[in-house]
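A.B. asks: Sequence:
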Amino acid sequence: MFDHHLTSLLPDTERSRREFVLTSLAAGFALAVQPISAQTISTDTKGITADEVKVPAADIEFPAYRTMPEQGKRFPVVIVIPEIFGVHEHIKDVCRRLAKVGYMAIAPELFARQGDVSKLENIGEVISKVVSKVPDAQALSDLTRCVDYAAATGRGDLKRVAVTGFCWGGRMTWLFAAHEPRVKAAAAWYGSLVANPRNNPDFKPDPLRPKFPIDFAPTLATPVLGLYGGKDQGIPLETVEHMREALAKGKSGSKIIVYPDAPHGFHADYRPSYRKDEAQAAWQEMLAWFKAHGVA
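1 is the number of the first residue of the sequence shown in UniProt numbering; add one for each residue after it.
Just so you know, the hints here were simulated from the structure itself, not pulled from any lab data.
Some clues are possibly wrong.
Taking CB as the label site, the calculated pair distances span [claimed, not checked]: (1) 251 with 42: 37 to 45 Å; (2) 241 with 292: 33 to 41 Å; (3) 148 with 221: 42 to 50 Å; (4) 40 with 121: 16 to 24 Å; (5) 54 with 253: 15 to 23 Å; (6) 151 with 121: 33 to 41 Å; (7) 294 with 195: 30 to 38 Å; (8) 253 with 195: 23 to 31 Å.
In the EDC-like style, the derived pairs of lysine to aspartate or glutamate whose C-alpha atoms are separated by at most 20 Å in a straight line are [as the list claims (entries may be wrong)]: (9) 54 with 148; (10) 251 with 241; (11) 249 with 215.
C-beta atoms are modelled at their ideal positions from N, C-alpha and C, and glycine is treated no differently.
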């Protein structure tokens, strides 16, 4: 259930701007990621269904992209958590790829209440105007609603639920794996692991993001596969190693793979950061991880 107290975490200006709640998903790619790379992958819908759906929360119905095979009755479920650019064409394509190999995939627009990231022209605006105003508690509640939705359709198998996400969604993947006991496996793509990765002396904690993956790594129960780039300028390798050490204190069986020459965003085929070989290898690692933990 959506926690009504979440509205108290939002600035007054945000609580009064419910008219900006998104009612539909973006078409195409977010403006902030233009121009689109020639390497961009486009997956067709042959043999699958792909559509926009509404997922009910206590305060709104937020839009999500759902895909699944055309044939079959009950499918393993993967919740796909977007980057800061929301559910634009790349995330939709990821969902179609998952449907092609047998999954029901659901990608929720987790920024629906705060604004439309797809129409902002640069990354700075995307973060400052929308993403920075999204409480973790709100996002986690919406993700739980996606699992509920998958069950309510009668097509999703709640005994086989996984989650994956990229960048902002990578961090949320770690958090959701710790938060939602119905998640059996997770794959987090280059999500931040600690609150202050550069040890900035002027760092101030964000009350909307009170915990980071490293905070609960020793008590994590769900197996998470971390997929990281050795040349990621935003996630120092020492923080990845600290996360490995923290995970080793627990019993989740989680692991982290680092691709030495890959930068941040190496799976994002529509951006210059894309690294085909590493992206394809990591995708196969993810699918194998899900299968090994009963989500296939």
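A.B. asks: Are the hints correct? Go through all of them and say.
C.D. replies: Hints and how they fare:
1. 251 with 42: 37 to 45 Å: Cβ of residue 251 to Cβ of residue 42: about 41 Å, so the range 37 to 45 Å holds.
2. 241 with 292: 33 to 41 Å: About 24 Å separates the Cβ atoms of residue 241 and residue 292, which means 33 to 41 Å is violated.
3. 148 with 221: 42 to 50 Å: The hinted range 42 to 50 Å is violated for residue 148 and residue 221, with Cβ atoms some 20 Å apart.
4. 40 with 121: 16 to 24 Å: This hint holds: roughly 19 Å between Cβ atoms.
5. 54 with 253: 15 to 23 Å: Check failed, 36 Å falls outside 15 to 23 Å.
6. 151 with 121: 33 to 41 Å: 39 Å, holds
7. 294 with 195: 30 to 38 Å: This hint holds: roughly 33 Å between Cβ atoms.
8. 253 with 195: 23 to 31 Å: 25 Å, holds
9. 54 with 148: Holds, at about 12 Å.
10. 251 with 241: At roughly 17 Å apart (the allowed maximum being 20 Å), residue 241 and residue 251 satisfy the hint.
11. 249 with 215: 12 Å, holds
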